Amino acid sequence: MEMDWWDKMMIPMRKIWAKLSKRVVSRKTGLFILHQDVRTCEYEDVHILWDLLKRNETQLTRKRKEASLWKFHWTKCAPLLYRDV
Numbered sequence: 001m002e003m004d005w006w007d008k009m010m011i012p013m014r015k016i017w018a019k020l021s022k023r024v025v026s027r028k029t030g031l032f033i034l035h036q037d038v039r040t041c042e043y044e045d046v047h048i049l050w051d052l053l054k055r056n057e058t059q060l061t062r063k064r065k066e067a068s069l070w071k072f073h074w075t076k077c078a079p080l081l082y083r084d085v
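Under the working numbering, think of the first position of the sequence shown as 1, with each following residue one higher.
Please note that the accuracy of each hint is not assured.
Claimed, not checked - Simulated pairs of lysine-lysine, BS3-like, Cα-Cα distance not exceeding 25 Å: (1) Lys19 - Lys8; (2) Lys22 - Lys8; (3) Lys19 - Lys54; (4) Lys54 - Lys22.
Worth flagging that the hints you see were computed from the coordinates, not collected in a lab. As the structure is a computational prediction, the values presented were derived from the model and not from experiment.
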């Protein structure tokens, strides 16, 4: 019985720790190094291309989030649709 509350507390803490550790490790990836190189580059063309890539990436992630939110909204409404059956 005493271990139940411990397990309830440790599982979310492990998830949080895993997410935080991924963020710290991901800063050492090649994409982060590339970002630093682009920031220090003196050519304006490189900065324009980088901005285009980042803008396109944010639009794609926004569309994915909107699609996933729609899926969850549908599951919330589904029990109401089949109430009379």
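Against the structure, the hints come out as follows:
1. Lys19 - Lys8: holds (18 Å)
2. Lys22 - Lys8: holds (22 Å)
3. Lys19 - Lys54: holds (23 Å)
4. Lys54 - Lys22: With a Cα-Cα distance of about 21 Å, the restraint between lysine 54 and lysine 22 holds, given a limit of 25 Å.
Consistency with the previously given hints is maintained throughout, with no hint failing.
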